[in-house]
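Asks: Protein chains in written order, with the numbering used here: chain A, 1 to 167; chain B, 1001 to 1453; chain C, 2001 to 2453.
Calculated directly from the structure, the hints in this document are not laboratory data. A few of these clues could be false.
[Stated by the list, open to error] Under the rule of at most 30 Å between Cα atoms (straight-line distance), these lysine-lysine pairs were calculated in the DSBU-like manner:
{"hint": "1", "chain 1": "B", "residue 1": "K1343", "chain 2": "C", "residue 2": "K2259"}
{"hint": "2", "chain 1": "A", "residue 1": "K130", "chain 2": "C", "residue 2": "K2343"}
{"hint": "3", "chain 1": "C", "residue 1": "K2160", "chain 2": "C", "residue 2": "K2033"}
Because the structure is a prediction, the values reported are computed rather than measured.
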Amino acid sequence: MPDARKSWGRTLLSATTLQAVLVGVAFGAALGIGGYTFIYAKGYSYLTNDPAACANCHVMDEQYSGWLKSSHRSVAVCNDCHTPPGTLGKYYTKASNGFWHSYYFTTDTFHEPIRITERNRRVTEQACRKCHAEVTGVIDAHAGGGEAGDDSALSCIRCHRNVGHMH
Amino acid sequence: LVNIMERKQEARNPFYRVVELDDETDDPEVWGKNFPLQYDGYRRTVDQVRTRYGGSEAEPRTPTQADPRSVVAQSRLEEDPRLKTMWAGYAFSKDFREERGHAYMLEDQTFTERQQVTQQPGTCIHCHGSVYVPYKRAGGGDLMRGFEVMNQMKFGEARKLVSHPVSCIDCHDPTSMQLRVTRPGFIEGIRALANSDDPVPQMPSVERWRADGRKDVYDVNRMASRQEMRAFVCGQCHVEYYFKGPEKRLTYPWQKGLKIEQIMAYYDEVGHKDWEHLDSGAPVLKAQHPEFEMWNQGIHARSGVACADCHMPYVRHGAMKISDHHVRSPLLNINNACQTCHKWPEEELRLRVETIQGRTHRMRGLAMDALVQLIADIKVAREQGRTDAELQQARDFQRRAQFYLDFVEAENSTGFHAGQEAVRILGESINFSRQGQVALRGGVVVQAAHATP
Amino acid sequence: LVNIMERKQEARNPFYRVVELDDETDDPEVWGKNFPLQYDGYRRTVDQVRTRYGGSEAEPRTPTQADPRSVVAQSRLEEDPRLKTMWAGYAFSKDFREERGHAYMLEDQTFTERQQVTQQPGTCIHCHGSVYVPYKRAGGGDLMRGFEVMNQMKFGEARKLVSHPVSCIDCHDPTSMQLRVTRPGFIEGIRALANSDDPVPQMPSVERWRADGRKDVYDVNRMASRQEMRAFVCGQCHVEYYFKGPEKRLTYPWQKGLKIEQIMAYYDEVGHKDWEHLDSGAPVLKAQHPEFEMWNQGIHARSGVACADCHMPYVRHGAMKISDHHVRSPLLNINNACQTCHKWPEEELRLRVETIQGRTHRMRGLAMDALVQLIADIKVAREQGRTDAELQQARDFQRRAQFYLDFVEAENSTGFHAGQEAVRILGESINFSRQGQVALRGGVVVQAAHATP
Ligand SMILES: [Ca+2]
Ligand SMILES: [Ca+2]
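This is chain A alone, in the form it adopts within the complex (with noise of 0.2 Å):
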């Protein structure tokens, strides 16, 4: 299992070969240019709690679409399961989520379909046991920790991955 780091490199990587340079290079670029989407195309939804916010980029229609036929449109929104519980880790991975995807957005290079990163996984992970402790408490009792993704822990989206939007 990549960490967290090997997982920004995936990314990172699956940028083009220049753009992989540029990246290296000017990343005082990259920060022109994330900020500027940060704005204009209103990358900053990923501070709000809206998901029609994060449909702001029709990357994300699929999900938004998707989310609003499945079983928790009604009581999930895209941040309990894309953002970490407490407000630094919440406010770390939407920054940096948002910084990122609007990068990418602008840029156009990045791998489609969209795959969502280890790092998020974990993140989505986690919020599934937050809301569903009781339930799978049971399940997770005797796994050591049972924190996402370590071994001993079981994935809920190997069986459940269509809870937030169809795929």
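Given the structure of chain A, go ahead and fit chains B and C with the ligands onto it with the hints provided.
Replies: Positioned in the frame of chain A, the structure of chains B and C with the ligands alone reads:
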């Protein structure tokens, strides 16, 4: 930064109508003015890239008078000489190549050596060119009539009436852009299938028509759902076929159903043979590209996944998603073709396909060895002067073994479209070939193989 | 009595710890006091319900001295008498029944007629009872030692030391409740597999151990992930096996890999045969329940779907959900077993399984006919006084044909666990049988079948 502005625009107007298209416009370049992205993809079917078992390899050749092509696809006969034995006495033993992109369909058909060794009928053109407009012209506005007229021409004459490979108008209604079936062969074939009692849960509209009391006829363009059409437009050509009677009417053998047993039974019933085998004298059949039939036996069809989902997946151009008109092996485009439904890494998906294809390829090899040995045995027995009566049983086994084997050999996914069914068919083929060998030697009750519970 | 919920670090476990469990507690009823829901499910494995190809049917019988059972499962020998021919000269031709729920494993093993016709070793008990505690006792605390000791007893003696069918302690650590492997046969088998070079992408922990330089030995309980354990605990018993050497050591033939070719090659190498066939005199093998091996060749294993996912799916009890310990055919529980991952209607899912099983069943029938015919031929040839040398080749074909066929016949999912592989194996079996028949009659280069590209 312009990037995003553009994108927000694109989102609003997907395309501009530059020219008016009507039911006579068969030139794709004209359609391309309205739909430049689809046209670009369409033109890229000239690319030749090889995958483990598919795609195609560009083989340079020196053009000749008879055949001006400077590039062809690799010869399957050279890859596996056993094919020559299987087809001994038939045009396919002279020239059979890996198929390649749509852009080549017209020239490959026109210049294959198979044209020189036999006089082919106009029927051939049905699946190798944009015949919708020519058929209607030849039929004085009546598609079916034109079909019949051109079937009975010599290939050369019919060829002159056609100027493009499969084109936009063959799959699309020029005004609504909706998919439509334009091929008489499929319109009649699917109707015959609908009239049969073969269950086809993977074709909801057919089941619905049957449930509604089979009123008048099943009309594919009126009744099929959009998702079904995403496979039917391909089924217009990627099917098993034969030329019926002196009118050389193109016919898809689906009267009893789409499974191999049912197709075999149909050919036995009408007493059809493609040729008499040179070495063995058996009345044999040639199976051809039954992608549609095999796909129908697979889990994807059963799950409502159409040809276009994998071979023409949606690709994003800025804000809009369009169907990739660069029709090709999905293994050259795994992320768009597969990952929308399967979250596995590309390499893993490739390995899964190759596992299925590898098993199929191995069994194909065993079945081919068995068949070649049976043919050799019959040849010997014949030379030893055995009578037709004595050879009859072995020849019948060859007829079956060969058609079953060829059904998978000619199917171009190397088993992927229906992995278990492909291997089952090959297993039955082996059983036929070996029983033929035993029969020649006498002393075993061969019928028992059918006495299975 | 303490409500565990009160204690913070155990807040995840809503069960009441009524009794203390230790490594000596093999009585499930005691465990059931702490985990009543799992225990209830566990006890329901006495149910007998039939599915199209699986489950089991309760067949009443009048108890006898030798066999006090008043209910058994249907006889497979009566369903298909060809099995008697295949196993002629071996205990299985006397009594072989459809397997049923875990609750019966001990009595079915004790009272099968196979026990009366042969003297079975203590080894048998390894998979039919809760042997963890008995092994440790017999080994003076050492599991492996106890295993060796009990293997070498007569079945009757070993049987006396065991009092329960597979029980909680055979799959669970009594303190942490984590899954653990307690079966020496599997611990050694998976180790041999890890030492081989057979790629096992479906077993990440093995691949990791190999990648890390194969340091000391692969230790399943220390290295396997929880998800892998959800299959390994079943792989403890649902596997092909044989008794090695005079010590009757239970051995899983995985030294070269889990595929049939590799297992066959292993048996050839060690020169193992289970018996000499009564009719043909061939040195043959009996394959037994290779569910684990076949599952490993299938798409579900490849996708990380474990036995427990389908045979012990989660079931909701009030606020919490637990693993359904009523281990049975998933077709009796499609909703929980399949529908979380596959959003198709129950009936549709059943039909998909039966399509896969139907193809497998048909090929099994053809392979069975071919084998029975080969055996008949060899019998005749033998009676005609042909020498062992003359029969050697045909007998070798029988050995292969029979093991390949039995590998699928004995696998209890009727092909579902690996649909394409099951049919491939049957196709190869047919090829072996028929080549054997041809060989007896002479005149064809049989080796060619292996000369496949
Ligand atoms: Ca090709
Ligand atoms: Ca059973």
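Asks: Enumerate the violated hints, using their earlier numbering and listing them in ascending order.
Replies: none
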